[in-house]
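Protein chains: 2
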Amino acid sequence: MTRPRGVVVVTGSELVRGERSDLNGPFLAGELLRLGIEPARILIVGDDAAELEEALREGLRADLCLVSGGLGPTHDDRTVELLARAAGRELVVDPELEGEIERVSRGFAERLRRPYADFETGVRKQATLPDGALVIGVAGTAPGLVLETDGAVAVVLPGPPSELQRLWEPALASAPVQAVVARARVPERRVLRFYGAGESTVARALAEAGGEGDGVSATICARDFEIHVDLFAEPEARERVDWLAEELAERLEPHLFARDERRVEELVLDLCRKRELTLATAESCTGGLVAARLTSVAGSSDVFRGAVVAYANDVKAGELGVPEELLERHGAVSAEVAAAMAAGARERLGADVALAVTGVAGPGGGTPEKPVGLVYLHAEGLEGARPAELTLPGDRAAVRARATVAGLHLLRRLLSQFRHQSP
Amino acid sequence: MTRPRGVVVVTGSELVRGERSDLNGPFLAGELLRLGIEPARILIVGDDAAELEEALREGLRADLCLVSGGLGPTHDDRTVELLARAAGRELVVDPELEGEIERVSRGFAERLRRPYADFETGVRKQATLPDGALVIGVAGTAPGLVLETDGAVAVVLPGPPSELQRLWEPALASAPVQAVVARARVPERRVLRFYGAGESTVARALAEAGGEGDGVSATICARDFEIHVDLFAEPEARERVDWLAEELAERLEPHLFARDERRVEELVLDLCRKRELTLATAESCTGGLVAARLTSVAGSSDVFRGAVVAYANDVKAGELGVPEELLERHGAVSAEVAAAMAAGARERLGADVALAVTGVAGPGGGTPEKPVGLVYLHAEGLEGARPAELTLPGDRAAVRARATVAGLHLLRRLLSQFRHQSP
Chain A
11 MTRPRGVVVV TGSELVRGER SDLNGPFLAG ELLRLGIEPA RILIVGDDAA ELEEALREGL
71 RADLCLVSGG LGPTHDDRTV ELLARAAGRE LVVDPELEGE IERVSRGFAE RLRRPYADFE
131 TGVRKQATLP DGALVIGVAG TAPGLVLETD GAVAVVLPGP PSELQRLWEP ALASAPVQAV
191 VARARVPERR VLRFYGAGES TVARALAEAG GEGDGVSATI CARDFEIHVD LFAEPEARER
251 VDWLAEELAE RLEPHLFARD ERRVEELVLD LCRKRELTLA TAESCTGGLV AARLTSVAGS
311 SDVFRGAVVA YANDVKAGEL GVPEELLERH GAVSAEVAAA MAAGARERLG ADVALAVTGV
371 AGPGGGTPEK PVGLVYLHAE GLEGARPAEL TLPGDRAAVR ARATVAGLHL LRRLLSQFRH
431 QSP
Chain B
11 MTRPRGVVVV TGSELVRGER SDLNGPFLAG ELLRLGIEPA RILIVGDDAA ELEEALREGL
71 RADLCLVSGG LGPTHDDRTV ELLARAAGRE LVVDPELEGE IERVSRGFAE RLRRPYADFE
131 TGVRKQATLP DGALVIGVAG TAPGLVLETD GAVAVVLPGP PSELQRLWEP ALASAPVQAV
191 VARARVPERR VLRFYGAGES TVARALAEAG GEGDGVSATI CARDFEIHVD LFAEPEARER
251 VDWLAEELAE RLEPHLFARD ERRVEELVLD LCRKRELTLA TAESCTGGLV AARLTSVAGS
311 SDVFRGAVVA YANDVKAGEL GVPEELLERH GAVSAEVAAA MAAGARERLG ADVALAVTGV
371 AGPGGGTPEK PVGLVYLHAE GLEGARPAEL TLPGDRAAVR ARATVAGLHL LRRLLSQFRH
431 QSP
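As given, the protein sequences belong to chains A and B, one line each in that order.
Here the working numbering is used: the first residue of the first sequence is 11, the next is one more, and so on.
Here the working numbering is used: the first residue of the second sequence is 11, the next is one more, and so on.
Incorrect hints may appear among the rest.
Derived list of chain B stretches under chain A, where covered just means 3 residues or more per stretch with a C-beta under 8 Å from a C-beta of chain A [to be verified]: (1) 20–32; (2) 152–164; (3) 316–324.
Just so you know, the hints here were simulated from the structure itself, not pulled from any lab data.
Don't be surprised by glycine CBs; every beta carbon is placed ideally from N, CA and C.
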């Protein structure tokens with residue numbers, strides 16, 4: 011039995027003009043993979059009718075065709091009309107749907123103080139569907155659809171990612187999509203997250219442990235300066251994939267930091283929470299990025315107290331109590347100042363644990379002794395401290411992003427260090 | 011004369027598995043548009059040979075086919091081999107290229123302390139090219155290529171975005187690509203950036219001003235809570251596009267903030283720099299995101315002094331001098347506390363201008379009086395202040411991102427307000 015084949019068609023002229031990076035393709039492809047359907051390709055086209063129709067025809071040659079975008083009320087939103095043509099179906103008005111879209115549009119008209127007549131053509135257009143299409147819900151005035159054709163099932167979803175993800179749920183639950191899913195076999199999945207090992211080191215470890223094949227496939231992906239390994243296995247290969255995951259975990263033990271999808275900032279906050287510790291940061295070159303990552307987690311306020319972004323030297327002195335003499339003798343970018351910043355953050359912000367970051371993010375400000383990319387980190391807690399000196403490659407954005415991730419992992423290591431020693 | 015048609019083929023199994031959002035497609039599509047070549051579609055495929063070959067065949071039916079990825083030394087990097095097959099070319103070893111890749115690989119082998127023999131197969135593979143291909147440069151050990159086929163030109167570039175962008179330059183300069191470019195006509199481009207107007211308002215203004223057509227096309231794109239309008243015009247339509255840009259600027263004057271591509275944080279820093287003002291932020295719910303945006307700009311340190319991220323209430327009191335009594339009476343999320351935070355940031359961080367942000371980012375912490383999404387901003391300078399109360403939709407990340415952008419635009423407005431009044 012071969013895996014059902016899935017194709018994602020994304021339409022939007024801003025996407026094909028390079029103005030925006032598409033998020034729906036990766037989301038839908040990930041869903042296909044999770045369901046055991048082969049994500050064969052993602053096709054991004056603009057609103058040119060010929061290009062879009064050709065893409066939809068291509069999509070209908072797969073078992074499942076997931077389409078995003080082009081459902082709006084205007085003439086250049088052509089997905090539904092072209093899908094009907096590609097599938098050889100008549101277009102018919104769905105009266106019930108028309109009533110629903112009319113209600114929403116009358117609300118819009120009222121709020122915008124415009125006559126409803128302005129909306130009427132759009133309402134009729136959005137209620138016109140390929141014969142036999144199943145309406146799975148409405149996003150604003152745009153209906154999501156499921157259409158069974160000869161040999162394929164097409165799912166049409168609105169372009170805004172949050173709407174698309176909301177309507178994907180009823181689409182997935184619909185009978186035609188479930189019939190495709192039933193022909194697939196949901197793979198087993200094992201997740202391993204590494205930090206501090208290169209992609210090639212992880213690839214070699216995987217190969218030496220036996221590698222892909224025999225029902226197991228792997229993705230090794232450098233993301234956010236971490237290495238994310240996902241192992242997928244046919245149901246029969248469960249033992250082999252478990253064994254492979256253990257082998258990898260063992261071979262790369264010093265670098266393994268998670269066996270689930272929690273981000274490092276979540277791990278740091280969880281480690282603090284478990285031990286009832288509070289947290290703060292003192293940041294120079296990262297300019298608040300570490301604090302922003304930590305506070306991106308819902309509920310971080312019970313652990314995170316705050317941060318001082320000390321860009322100017324006298325802010326380092328005034329707000330973090332870094333001695334002027336230290337700044338003069340060692341310079342703002344130094345291990346000594348990083349340590350003083352961390353101590354200052356703990357004291358001034360009343361936190362048990364603090365991370366300090368100071369460095370040269372570039373492009374200016376580098377010297378032969380302190381080049382662009384030189385970053386000092388210092389994590390300090392109740393039971394000790396961990397300093398780190400890094401020389402990071404890349405431009406300003408890369409140095410800042412990398413220093414942020416390195417800082418979060420340094421905090422994680424500091425907090426894990428004593429974990430097994432406490433009674 | 012019709013525009014030459016361009017297709018982008020992106021290969022990478024992690025992309026088709028939804029693990030990473032592709033950046034190369036948008037970059038290359040944007041380049042096509044800039045050159046006057048129609049960016050017809052972006053095709054993303056994995057490393058399955060049949061899928062990739064079919065995608066390359068499709069690409070070769072366009073005038074220009076830009077290919078990203080699949081150039082590595084291992085057996086699942088198949089782009090070159092499959093391009094040769096799709097183009098009907100023999101594969102031949104390029105001895106000069108082989109020498110160059112060998113040199114690089116011997117360096118790797120030494121650094122990794124592995125025998126060069128481990129690399130030999132890979133070197134031979136990477137030096138094997140379709141007959142007639144032009145080598146335009148090497149990224150690591152991966153060569154970039156230009157190949158002329160019957161009716162099409164294919165450009166093959168490495169997958170890592172920085173390498174791809176570096177090798178795109180010599181590819182663009184190569185004779186075969188220049189021959190395609192010569193058949194295109196580089197469009198005129200006008201840029202308008204709006205804040206505070208909806209996408210549909212901008213679309214209506216454009217339509218009322220005469221709209222697209224007669225040699226002018228437009229993209230209206232909501233990005234980062236701003237509306238970005240790009241007008242493209244055939245060389246003959248220069249007058250019409252200038253007129254259209256003026257019309258749009260006039261109709262939406264209160265919302266227009268830029269006629270170039272500078273981001274709002276750059277505008278804020280430039281406004282400060284011109285008037286020799288220093289800047290600071292005091293952030294609660296945005297957790298450092300405003301500071302991070304401001305410091306993302308190279309050279310921001312001559313304007314930006316620092317920030318206090320005051321997550322805990324006693325940090326607001328201790329580090330920003332917000333009176334306890336104010337916090338008790340009005341609550342941390344209030345116009346009064348926002349104003350006190352801004353004043354505190356100016357005083358404590360020694361800045362002329364400050365922005366304060368306090369709000370309920372959610373998902374928890376909302377009450378009937380102060381629901382999730384309620385955000386108070388306060389921008390204060392030497393000559394006055396601008397407060398703002400917002401109710402923002404969306405999840406935690408959306409509320410934080412939107413509050414950040416709103417804060418930056420509030421600073422821009424405050425700083426622009428007095429611009430025309432100074433002598």
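Consistency of the hints with the structure:
no., hint, verdict
1, 20–32, "holds (count 10)"
2, 152–164, "violated (count 0)"
3, 316–324, "holds (count 8)"
Violated hint for the displayed structure: number 2, the only one.
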